[in-house]
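Visitor: Sequence:
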Amino acid sequence: MKTTLPFTEEHEMFRAAFRKFVEKEIAPFYKDWYLKDREVPKKLFKKMGELGYLCTWADKKYGGSGLDVLYQVIMTQETARRGFGCVGQWLHSDIVGPYVEHYGSEEIKDKYLPQMITGDKLICVAMTEPEVGSDLASIKTTAIKDGDHYILNGEKTFITNGMISDICIVACLTNPELGRKGISLLLVEMDSPGFTRTRLNKIGFHGQDTAELHFTDVSVPVGNLLGEEGKGLNYLMSRLQPERMFAAQLAQGQAERALESAVDYAKQRPMFGKHLSDLQYTQFLLADMATEVTIGRVFADAVVLAVMNGENVAAEVSMAKYYCTEMAFRVSDKALQIHGGHGYCYEDYDIGRVFMDTRVQRISAGTSEVMKLLVARSLGV
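Residue numbers for the sequence shown follow this note's numbering, beginning at 1 and rising by one.
Hints are computed from structural coordinates only; laboratory data are not their basis. Worth double-checking, as some hints may not be accurate.
In silico lysine-lysine, DSS-like type, Cα no more than 27 Å apart, as pairs [said to hold, decoys possible]:
#, residue 1, residue 2
1, Lys46, Lys140
2, Lys36, Lys60
3, Lys43, Lys60
4, Lys60, Lys140
5, Lys231, Lys372
6, Lys111, Lys46
7, Lys140, Lys181
8, Lys274, Lys111
9, Lys47, Lys31
10, Lys202, Lys274
11, Lys46, Lys36
12, Lys24, Lys36
13, Lys36, Lys202
14, Lys231, Lys181
15, Lys46, Lys109
16, Lys202, Lys60
17, Lys60, Lys47
18, Lys42, Lys181
19, Lys181, Lys46
20, Lys42, Lys109
21, Lys109, Lys231
22, Lys274, Lys43
23, Lys109, Lys47
24, Lys111, Lys42
With the hints as constraints, model all of the structure from the sequences given.
Guide: Given below as structure tokens:
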């Protein structure tokens with residue numbers, strides 16, 4: 001089924017160019033990044049920046065292209081469909097970068113956006129703490145004002161791109177006695193004295209690094225405050241909708257990759273004098289997978305279109321994130337089963353990597369349980 005998104009000829013030209021970039025600059029090296037390096041090299045982001053693939057939404061006065069959200073969707077689709085979900089340009093460009101655009105002062109935007117667009121500086125966001133996950137209002141990290149600086153203390157964990165980023169948006173309490181109303185966002189240089197980071201080892205999604213961040217009396221200029229003091233939680237909530245929209249697109253692309261891999265393998269795998277695809281059970285399994293994947297594509301694209309039209313679809317975005325991530329895990333699990341032992345040894349076939357990568361999508365950007373809670377609230381229960 002064709003997408004419902006209004007891609008123009010210009011969009012498709014962009015897709016074709018980016019697809020060539022993926023085949024040249026990512027495909028030959030991705031297995032090593034995933035299995036050996038455990039991170040995507042910063043030089044890839046630099047190449048993407050040189051070609052205008054980072055922060056495509058940014059205003060031209062900062063060096064951006066001022067493009068619509070569909071260009072970002074295209075890049076997420078193309079990397080995920082090739083099984084390269086760990087390429088984290090979507091986090092840098094689509095999830096974290098807009099915080100700087102929406103809430104940064106002109107001084108902050110002038111200083112950081114051009115470097116983010118070129119890939120000279122990578123950015124991440126730090127919300128989760130060792131004892132605080134979905135309940136962001138309960139964070140413990142503090143930033144107490146001392147003259148013209150904040151003194152930042154605390155820990156953050158499960159920070160995507162935390163090892164390769166140069167700057168970080170940190171959710172912290174600038175007024176601890178106010179609780180959730182005292183949460184603010186600070187832009188922190190990650191080479192600041194008192195800052196350290198530790199790599200975390202995961203069961204999957206190896207190509208994208210994940211880190212624990214430690215702040216000990218880190219001095220942050222007051223000018224690095226994003227927006228106003230005490231409005232950090234509101235800012236975070238406002239950006240979660242687009243984050244979950246992209247999470248749905250990423251998972252959808254992974255599901256499509258899993259289905260494609262399963263079909264290709266079943267067609268060429270000999271089985272009892274036939275091919276695996278000739279067996280009725282395999283056909284039924286693939287039919288189930290294809291149906292779920294098609295539903296996911298319609299759903300994921302529908303919420304993008306609604307967001308483009310300015311509609312308030314917070315509940316629907318939560319539904320799409322929940323459905324697409326759970327569906328991608330189911331489909332990749334079935335695809336791995338079709339591959340048998342070859343699927344479990346993920347050096348020769350990428351379905352094993354896709355399967356492991358889809359698992360974390362049910363946790364990141366809001367767990368499936370939180371998504372269901374948000375949907376239930378939209379129903380008035």
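Visitor: Provide an ascending list of the numbers of those earlier hints which the structure does not satisfy.
Guide: 1, 2, 4, 8, 10, 16, 18, 19 and 22
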